[in-house]
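Undergrad: Protein chains in written order, with this note's numbering: chain P, 1 to 302; chain R, 1 to 365; chain B, 1 to 294.
FYI, nobody ran anything at the bench for these hints, they're computed from the structure. All the pointers check out, no bait thrown in.
Cross-link-like lysine-lysine pairs, in silico, DSS-like; alpha carbons within 30 Å at most:
no.: 1; chain 1: R; residue 1: LYS350; chain 2: P; residue 2: LYS157
no.: 2; chain 1: P; residue 1: LYS96; chain 2: P; residue 2: LYS157
no.: 3; chain 1: P; residue 1: LYS157; chain 2: R; residue 2: LYS134
no.: 4; chain 1: P; residue 1: LYS96; chain 2: R; residue 2: LYS134
no.: 5; chain 1: P; residue 1: LYS157; chain 2: R; residue 2: LYS342
What follows is a list of derived Cβ distance ranges for each label pair:
no.: 6; chain 1: R; residue 1: ILE349; chain 2: P; residue 2: ARG132; range: 39 to 47 Å
no.: 7; chain 1: P; residue 1: ARG134; chain 2: B; residue 2: ILE89; range: 28 to 36 Å
no.: 8; chain 1: P; residue 1: ALA113; chain 2: R; residue 2: ARG29; range: 19 to 27 Å
We put the CB at the ideal spot given by N, CA and C, even for glycine.
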Amino acid sequence: MSHASSYPTASSAETSAQGEAETPLLELVRVTRRFGGLPAVEDLSFGVRRGEVLGMIGPNGAGKSTVISLIGGALAPSEGTVHFQGQDITRLSPHKRARLGIARTFQVTQPFAQLDIRDNVIVGALFSGHTRNRREASEQADAVLARVGLIGKAHLKGDELTVADRKRLEMARALAMRPQLLLLDEVMAGLTPREVGEAVRIIREINQSGVTVLVVEHVMRAITGVSDRILVLHHGRKIAEDAPDAVLSDPRVVEAYLGERYARERAAQQARLAQQVGGAPLPAEQVSAPDEADEPGEGHES
Amino acid sequence: MARQARQTPDRETAADTDRADIPAPRESRSWLWSLGIGIAILAIIGLVPLTGDQSTLSLWTFILMYCVLAQSWNFIGGFAGRAAFGNVAFFGIGAYTVSLLLLQNKPFWLGLALAPIIAGAFAFLLGLPVLRLKGHYFAIATLGVAAALGEIVQAENVGAPAGEISLTPPDLNFQISNALFFYGFLVVSLLTLLGTAWLTRTRFGYALVAIRENEQAAESLGIATYWYKVGAFVLSAIPTAIAGGLFAYWQLSFDPVGEGGAFDVTISVAMILMTFLGGAGTIIGPLLGAIIIEYLDQSTSIAFTSIHGPLLGALIILVTIFLPQGLVRLVQELLRSPAGVKQSYPMRIKQGVQRVTRFILSNGV
Amino acid sequence: MAQYVVNWILLGCFYAAIGVGFSLIWGIMNIVNLAQGSLIIIGGYAAYFSYTLLHINPFLCILVSMVVGFIVGYIIQYLIINRVIRAPILVTFMLTFGLDLLLSNVMQAIFTGGYRSINTTYSSAAVNLLGAHIPLLNVAVAVIAVGLTALLSLFLSRTRLGNAILAVGMDREAAQLMGIGVANTYALTFGIGSALAGAAGAMLAMTLQFSPIFTGQYTLFAFVIVALGGLGTPWAALAGGMLFALAEVFGPLFPGFGHGPEIGYGLEIAIAFVVLVLVLIVRPNGVLGRPFYS
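Chain P with its partners taken away, still in its complex shape (with noise of 0.2 Å):
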């Protein structure tokens, strides 16, 4: 069967096991890693659902890039074990790990540089198990390609794209894996707001199409729009985990994360509001957030 459709699934064998419906894809269990001696996540534990968006935010140095690390096996924890399908994959190696079904990208984008394009996400598709053939490898990444909208750039050498293409890029390269789970770090650092939407676009139907999730990004709106549920973390512990609008009203998270001054201006602005419509506040998504501009600048030190 070639490709249906013109993009990869997740194979059908998993989602048809109901009976796994409640044990979480992935689990992090008591998860703490040090540097040194600081600890640059704490005590975290969290679990991704099957078929979900789980957005990851939290201020600057807050861990989240440490925790794709942890899960994508890059690094391990110095306590605490990672759950994947029910196993403890905690002392697999990164190789194994997206053998399993995990593909992550890269915060400071790793393409192939001398390779083009086509090539990189051709070397995604024959490593994670579930093609060894380069001619379906290459059909598979043209598909992915065409995907991200990246296929009439297929020729262009890893080191000749803007940005946001190689965003595109890490991201296709991960998908032609055919994930189970896949980790997005901060893939929409540094694009315009356009761009973004575009992101969004792609990782919902992404998601739509059966792959697990997980978001870090540092853009609030954009993991508001995009995530089922949203973990806030700060300085490597976790503060929230609940939907969206629990999470962006809640005072802590307010105050760790966008600082006094903008907690002080948002209860003004929803007292405001209430009083104007008369009535509960409105979702936070309607309550319009300080300009971009103020936000902690977009740095790379998650």
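Got chain P; can you put chains R and B on it based on the hints?
TA: Below, chains R and B without anything else, positioned relative to chain P:
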């Protein structure tokens, strides 16, 4: 509706980028070109024995020997991108395997068959610990092993006092014998060439290149990087050892260390330089580099397997500064036209020169 | 036994001198300077000719060698190595190898491969203590070597220039943003490393002998010393030097070992390499080391 492979797409517009029905750009056929050129070069070289001139034959036999060495190194250094500085160890192992068997009156072909096996096993066992080392350390470790092997062979009087081997010539007419060795090297070079071209089409080749470009990313995509590196290392040992075996019976007399020795570190460096000059990771790069450098060396000195110290030194400096990507890639850059736009050749070359200059400058401080 | 200990200490300090320049260049610029051996020998010749032609006091010759070494090193870095400093490390590796090949062969062509040394009336002056024969010249050299190590350490940590060098080593981009001229700083670093090599060469000329044929030998020694001791601080070179000297001096007590601290004989080199490889595998950062200078 698939377009013919040779058509180049029209200048792309923003709208085009997102359309899913744009046919994929044509598969690159450059590997076939490279392979064809490589075979042609070897075929032409193959005519040398017809001249009947023994010194020319000797010259080109050396050139072919280095072709094999450079092409083999290309597997670990060019494709996998690891700085293996001690591949001469496999050369020496091949030379001494064949020699020891010959000294015990065992047939030559047996030694020649055993050499790659022993060298391959050695590469595997050595690779296991050493390929865990990073960059410089891996380079020095392999260098050290090669040098140490030479010293050990000398100190332990392997095969002869101080390891200075002296073999009895084969029972053949001198000229026929020389021609046979020439063709021996030629065949090995051809096979290695074919192997290299084949590698670029396989999954294994993709893994190596991915590891070279970005090992961390490669691992995250499911590539067991460690084992592929070991595989490339073993692969690089095999033709090298065969070359060593041929060398032993051809020269009949050699030392373990010193200039032109079976474990001479300069040979290791030479094969690296040749591959770099021609283009590491390309199909015919090592071939070209070996021909150019060995020809230059032979015609400027009377030494045999050694390469003039200062000449080699100066060449290394020049190549690393001005030609780190090698000749083949230089030519590719000069002839390349940007995506989707057909350009005239003078234009391409002009822009290619700009690109290359920028690249060279970007390597500097 | 006392003799062995004396030999060990004296040799270890001398080896520190060989390793410390190499360590600086590697630690700050991540360059494994395969031309270090050539730079040492250049220092040797500078001292030799200063002594034989200009009749300068041998101890001052060390200074001459350092100056010559600095100039040569600065130029090499500024003009040549700086051209490839942002390329992958294999490229710089090859470049310094080519440099060593070139320098070594040019010296052989000019000066021939014969051994040279500085012989003075007090070259064999010695003291006998606790049954050990202690050559005074070697003691002086050892003291100077340790002194140079201390000077370098102070220079790096206490002076503005030294701090600039450390800054560039830790984070090139940040240093550039702070206005530190990276090209010059690199050249300065290499110059200092080269000056130290020059000093080692002069000391070599005074206590032993040297020849341009063995540049590779000394580069190898420097590498082993630094690999053993680690990067991170000049004192690591001393640690590495002591460890290496330990193997060399006490090694011959074990059967099958080669000769003493001579050059290029026996299984010494092989064992050095094997030890090196083992150390690299077991403790890649060396005994005292951290991955970078700090």
